[in-house]
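A.B. asks: Below are the chains, spelled out letter by letter.
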Amino acid sequence: MTEDTKTMKTLDVWVAGTEEPEFAPTDEGAQEISIDESGPRLDEQLGRVVEDDYVFDDDADADERMILNMGPQHPSTHGVLRLQIELEGEIIRRTKPIIGYLHTGMEKTAEQLNFSQGGTNVTRMDYLSPFHNELAYSLAVERLLGIDVPPRAAAIRVLLTELNRVSSHLVALATNGMDIGAISMMIYGFRDREQILAFFEKTTGLRMNHNFIRPGGVAADLPPGWKDDVSEIVDGLPRRLQQYDDLLENNPIWVARTKGVGVISAEEAATYGITGPTLRSTGVDWDIRKTFPYSGIEQYEFEVAVGENGDVYDRYRIRMDEIAESLKIIEQVMDTIPKGDYRVDDRKVTPPPRARIDESMEALIHHFKLFTEGYKVPAGETYVAVESPRGELGCYLVSDGGANPYRMHTRAPSFYNLQALPIAMADSLMADTVATIASLDPVMGDVDR
Amino acid sequence: MTDETRSELEEAVPEEEVVERPLPENPVLRDLFAAFEDVEWVSSRGQDVARVPKQRWSEFGSAARAAGYEVCADVTAVDWMRQRPDRFEVVANLLSMQHRLRLRIITTASREDPTVASLVPIWPGANFPEREAYDMFGIEFEGHPDLTRILMPDEWEGHPLRKDFGVGSVPVQFKESHKVS
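Chains as they are written, first to last, in our numbering: chain A, 1 to 449; chain B, 1 to 181.
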């Protein structure tokens, strides 16, 4: 027998059961099943390092694998989000979020507007929580200017942003309910939000896009009778929240479709820059209101709602709890709101009062100059973050000493939270997609800016 | 020269050379900065800023991550046109949840060679913001897994947030508009 025929023989067709086993079975290797705790491997296992090691399987049947486009006009993508989903049967293997359909160049627009006009621009980014956008922007401008707002202005800011958090979470609950099929939740959520928006309209003149929180304070004092309106919200909402909780919590379909769905681990959340309720649902006790307080929010007592499993259900639970906590803050603001001015007494930033304009030519000129040229902000750069209903909303502001921002960048929480979507949806069922998207609560105006 | 004068000179010279390098007070930050001689620490209105040379961007990022900055909260860029010798600044905001600290790291990139090492191998979350900075400023992040446009259409020409990109003077580009007849 030559060498060639020998090798040929080993390549013979394999028939089960005919060959002798090459190795006797041992229990060697059984211990390797336990977690490999060497540094790089552990990092990978805990999700600190994520490697996209996906290899396209050419042998897979074309019938088994398909790429599905979801959106940008799909009603459950919360706007114009497009997802490219690679499916194997009904299991999602890969997801790619494609964004930019709502991009309107607001960061470029911000460079064309002066500092006092900038609020009208940023308030349109995250249209479900406009006050938080205005607050982050105003805090950044104030930090560059080196001014502190009066206590009453800070309290009004806290009141409005916390009310805004309630209204935004109500929309999140409503749309989350609707996506899973709890249509009544949609009607109730929007009904309650409307009550809050009515108060916003009374205060600011607009239901959304208020431009009410401005650098130097707020645009106006709270309207007469505001305490009645707010106490109506604060008194009525907890009872109704309990009803919604009963409606959803005791609904076996709701629980089955949310528990254990769209799971994100704490490590993944940190590495992907995920913040807000999505981060807290993974068990991380992180709230910028507690860790880097702003606008005197540290004076008020409230708890940070934290979940444990990082699934859709925990995010729902956290939003419910956060509404209750926000209502607690609002009650405290109502009790303790100080008297005083609602904007800073700095004529460089604040226009002269209306009465002065009638009697003083200089005041009129000053008023005119402030609203045409704007005020100059000292050169410098700063980053200020607030806790928006969706997470860390930051404003990176660069001034070159002029009246317009040299650069205004918004760290949009939804933009980063969308990065979690491929992780949360990997190897899950196609039917869970809408539940997962809704639980991240992305606002496309915030994502695309 | 006598021994006395020589020893006097030797004593005098080091005293002049030693310039107190400003370092932050926080021990975590101080250790991080002490390991990097060429990274400058600046306090910008009470916020800690690190000015990192471009070659050490990735290295400093890894060290910051090891020092406890587990979140890269934001990556963006600033176009300084002719106001500064290097046209672009790349800015990353880091966040340490365990130490409750923030740190902003800034590096520069020139007009001719706007390349900066990517932070994605260190923080996977830098993926989207770096794509945005590429889209808006044309900054090339070396080592980024998928450096494509994210907000603008793929066929878009130019980088909108550059200061030489005009406002209102650009004809509206529609995606694949040439195919529509």
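Rather than coming from a laboratory, the hints here were simulated on the basis of the structure.
C-beta: ideal position from N, C-alpha, C; glycine also.
It is possible that part of the hints are untrue.
What the hints assert, rightly or not - Calculated cross-link-like contacts (lysine-lysine; reagent style BS3-like; alpha-carbon spacing at most 25 Å): (1) Lys96/A to Lys348/A; (2) Lys202/A to Lys227/A; (3) Lys376/A to Lys163/B; (4) Lys202/A to Lys339/A; (5) Lys376/A to Lys348/A; (6) Lys108/A to Lys163/B.
Said to hold, decoys possible - Chain B stretches covered by chain A per the calculated footprint, using a threshold of three residues with CB under 8 Å from any CB of chain A: (7) 27-40; (8) 51-58; (9) 146-158.
A.B. asks: All hints are to be evaluated individually against the structure, with a verdict given for each.
C.D. replies: Each hint tested on the structure:
1. Taken as a hint, the Lys96/A and Lys348/A pair is broken in the structure, with Cα atoms around 48 Å apart against an allowance of 25 Å.
2. The suggested pairing of Lys202/A with Lys227/A holds, with an alpha-carbon distance near 12 Å, which does not exceed 25 Å.
3. Only pairs whose Cα atoms come within 25 Å are accepted, and Lys376/A paired with Lys163/B is accepted, the gap being roughly 20 Å.
4. Between the alpha carbons of Lys202/A and Lys339/A the distance comes to roughly 20 Å, so the proposed pair stays at or under 25 Å and holds.
5. Restraint check for Lys376/A and Lys348/A: the C-alpha separation of about 9 Å stays at or below 25 Å, so the hint holds.
6. Distance restraint check for Lys108/A and Lys163/B: the Cα-Cα separation of roughly 9 Å lies within the 25 Å cut-off, and the hinted pair is therefore satisfied.
7. Counting residues of the stretch 27-40 of chain B whose C-beta sits closer than 8 Å to any C-beta of chain A gives 0, which falls short of three, so the coverage hint is violated.
8. As drawn, the stretch 51-58 of chain B meets chain A at 0 residues by the rule of a beta-carbon pair under 8 Å; below three, the given contact is violated.
9. Evaluation of the coverage hint for the stretch 146-158 of chain B: fulfilled, as 5 residues show C-beta separations to chain A shorter than 8 Å, against a requirement of three.
Against the hints set out earlier in the document, violations occur for numbers 1, 7 and 8.
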